[in-house]
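A.B. asks: If you want the building blocks of each chain, they are given just below.
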Amino acid sequence: DAKTTQPNSMESNEEEPVHLPCNHSTISGTDYIHWYRQLPSQGPEYVIHGLTSNVNNRMASLAIAEDRKSSTLILHRATLRDAAVYYCILRDDNRGSTLGRLYFGRGTQLTVWP
Amino acid sequence: DTAVSQTPKYLVTQMGNDKSIKCEQNLGHDTMYWYKQDSKKFLKIMFSYNNKELIINETVPNRFSPKSPDKAHLNLHINSLELGDSAVYFCAAQDGFISGNTIYFGEGSWLTVV
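So the sequence lines, in the order shown, correspond to chains A and B.
The first sequence begins at 122 in the numbering used here and counts up by one.
The second sequence begins at 5 in the numbering used here and counts up by one.
To be clear, the hints were calculated from the coordinates, so they are not data collected in a lab.
Incorrect hints may appear among the rest.
[Said to hold, decoys possible] If we take Cβ atoms under 7 Å as the criterion, some of the chain B residues that face chain A in the derived model are:
1) Ile49
2) Phe94
3) Glu111
Remember, predicted model here, so these are calculated numbers, not experimental data.
Don't be surprised by glycine CBs; every beta carbon is placed ideally from N, CA and C.
Turn these sequences into a full structure, and let the hints steer you where they fit.
C.D. replies: Spelled out as structure tokens, the structure:
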């Protein structure tokens, strides 16, 4: 499985932007970059995903490096509800060995201070 | 209206018992999963089904038997429960095995074996 590396923890103040980094130096050309988050006592929740271009949605933005070896999840204005573990995951459902699997690492625990 | 619902949410049972966790999704998707989150918070895939057919069995002991009576349901039956089976079990659903598609998770079932 293609691996990702994230910081164990990050902190932010409420209403400030947060940039969550992810390194994936062994990414293949067909790997999608997905971000999920897990709020306390809840199941993982989809945040955003992308392949090559930067992506925006109502929850966040995803900035993908030109060489695709790293990406950054951007929360534009952190709220207390954004406190969660954020997982950066590579997916390629065209590769038989990884079909349908999400490989969750340890993720980044984001703490948001009021 | 919850997209992926699991029952029970909490289950405490004795070693050696047999128990089931039920999962239902109302998304109309044809792919469903079971994931396990252990005490160290690692999330790992256990099984996946596509149109009621087993696609992934991630070296799970055969005491664990998933059953999919129809596309909307994927139940997990566990025989002869062991202490090490204590974990949070998450059901999930996806619209086919496509890298860009979102996986929707349930809220989890907390299993404690005593």
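A.B. asks: Can you name, in rising order, the numbers of the hints this structure does not satisfy?
C.D. replies: The structure conflicts with no hint, since it agrees with every one listed earlier.
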